[in-house]
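Engineer: I would like the entire structure built from these sequences, with the hints used as guidance.
In my numbering, the protein residues as written are 1 to 434.
Simulated from the structure, these hints should not be mistaken for laboratory data.
Among the clues, some could well be false.
Computed list of lysine-lysine pairs in DSSO-like fashion (alpha-carbon distance at most 30 Å, straight line) [what the hints assert, rightly or not]:
#	residue 1	residue 2
1	K311	K204
2	K239	K311
3	K157	K184
4	K101	K184
5	K72	K380
6	K184	K72
7	K360	K372
8	K72	K372
9	K101	K131
10	K131	K10
11	K10	K157
12	K317	K237
13	K380	K360
14	K87	K157
15	K72	K10
16	K204	K239
17	K317	K372
18	K372	K204
19	K204	K72
20	K131	K184
21	K87	K184
22	K72	K311
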Amino acid sequence: MYRIGIVGPKPSIERTMRALQGHNLGASYERYAYEHARETGDIIRRNRENVHGWVFTGPIPYLSAQAELSEKEHAIYCPPTGASLYKAMLQAIYTLDSPVKDISIDMTDNESWGLMESLEELNFSQEQLRKYVFSIDYDVEEMIGFHVRHWQEGITKAAITCLYAVYQGLLERGVPVFKIDSTKQETVQAVRMLIEQIRSSAFKDSQIGVLMIEIDRLHEAGELSTERYQLQYMELKIKGVLLRHCELIDGSLHQDGTGRYLMYGSRGVMARNMDSLHSTMHQLELDTDLPSFAGIGFGETAFDAERHARKAIQYAKDDEAGRIIIYETDGTIVEAAGEDHELSYETYSSDIELLEQLNKAGVSIRTFQKIKAYIRRMGKEEFTAGELASGLSMTIRHVQRIMGSLTAFALAEIAGNELNTRRGRPSNRYRLLR
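Structural biologist: As structure tokens, then:
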């Protein structure tokens, strides 16, 4: 059974627990209430070892937790939706026994678009609506003052808020106030999604991983040596380095010919020890004075994982790919794995027209997908051959040849020119069209 931590104000946690009551989701729940959202980080630090995942009762605790949550931690919350807003509006109409057309509302800056879209569907005019947008560093008293002021001046008839502290403060001041809460169905669905994420991650971690390491030209180095047992001594030294990493990942080490080694272990442990692998690769190159490459393959069976590892090692030996490559179960390649410039892309496409055009252009689907992934990581649509060459460790001439082919077959276009120096030809700026 998975343990789920629920974080938020106490009333919101109680509301979440009521929504989950009667639903057997295969989880137990730990409640972590706070007075202010700034306490969220401390809650996570103190209790992350006690839970498998986190449910935040609203966007504020979720946003407050982002600085503390790691990429591997599972967390979810129910964002305010149109249904949540309409529920609050219906409560207002029912409670006040009259149509509510003049309201003040507060919402987080990252949620304002969705809620505003729902408000627009209700045809509220700017005069009828007073909006307060806040960030995670919010001031409760300032927000309460915003709603109270408009109500006392007769501009609004009721207030709608996302925060329990504001809701409580307005109640105490006699302001008709209604809180935006997720529906029970939305809450249950969010928790169900979280549990599926945790279950999927646990299954993924238990997949088989095969690490293949190859010392390039080790056999040639042994043949050129004047010492009779130089190659054997070198292999013993290599095995000593590899065994230290193998022990760390709780794997098994096997030799697959001269200069090639296999380690079998679990996906989760291998993924968590990428730093050790980088250190191991560096030590191998220092000890042998030869380039070394690593390919990691994952799979549900040892056969699949080893097959993927062999594909990965071939990509790793490609000068443009980086020395550590991961080949995922779905065919996704991760280049420069574990490094700051890690790049992930698919090696396939179901777009027949695209594949035909690439075939005519003489550009592989892998190269095209790799370029797309790098441009996406750059965060801009237009780029020069120099930028692409630098990021993908290619020569500018090679990139220019690729982009020329893609442009010729309408897969890319020249978006403009860029003059880098006072003298010389300007560089083309390209844009991918697919």
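Engineer: For each hint, tell me whether it holds in the structure or not.
Structural biologist: Now for the hints, and whether the structure bears them out:
At roughly 20 Å between alpha-carbon atoms, K311 and K204 fall within 30 Å of each other, so this suggested pair holds. Of the supplied pair hints, the one linking K239 and K311 holds, its CA atoms being roughly 23 Å apart against a limit of 30 Å. The suggested pairing of K157 with K184 holds, with an alpha-carbon distance near 27 Å, which does not exceed 30 Å. Distance hint between K101 and K184 is fulfilled; the C-alpha atoms sit about 26 Å from each other, no more than 30 Å.
For the hint pairing K72 with K380, the CA-to-CA distance comes to about 27 Å; that is within 30 Å, so the pair holds. Note on K184 and K72: the hinted pairing holds, with a Cα-Cα distance of about 27 Å set against a maximum of 30 Å. For the proposed pair K360 and K372, the alpha carbon gap of about 19 Å is at most 30 Å, so the pair holds. At most 30 Å may separate the alpha-carbon atoms for a hinted pair to count; K72 and K372 meet this at roughly 26 Å.
For the suggested pair K101 and K131, the alpha carbons sit about 14 Å apart, so the restraint of at most 30 Å is met. Between K131 and K10 the alpha-carbon distance is near 26 Å, which keeps this suggested pair within the 30 Å criterion. Note on K10 and K157: the hinted pairing holds, with a Cα-Cα distance of about 28 Å set against a maximum of 30 Å. For the hint pairing K317 with K237, the CA-to-CA distance comes to about 23 Å; that is within 30 Å, so the pair holds.
Under the criterion of a C-alpha separation no larger than 30 Å, the hint pairing K380 with K360 is consistent with the structure, at around 27 Å. At roughly 17 Å between alpha-carbon atoms, K87 and K157 fall within 30 Å of each other, so this suggested pair holds. Of the supplied pair hints, the one linking K72 and K10 holds, its CA atoms being roughly 27 Å apart against a limit of 30 Å. Between K204 and K239 the alpha-carbon distance is near 29 Å, which keeps this suggested pair within the 30 Å criterion.
Restraint check for K317 and K372: the C-alpha separation of about 22 Å stays at or below 30 Å, so the hint holds. Distance restraint check for K372 and K204: the Cα-Cα separation of roughly 27 Å lies within the 30 Å cut-off, and the hinted pair is therefore satisfied. Using a Cα cut-off of 30 Å, the hinted pair K204 and K72 holds, with the two alpha carbons roughly 12 Å apart. For the given pair, K131 sits about 26 Å from K184 by alpha-carbon distance, which is consistent with the 30 Å threshold.
At most 30 Å may separate the alpha-carbon atoms for a hinted pair to count; K87 and K184 meet this at roughly 12 Å. Restraint check for K72 and K311: the C-alpha separation of about 27 Å stays at or below 30 Å, so the hint holds.
Figure legend: structure checked against the earlier numbered hints; every hint is met.
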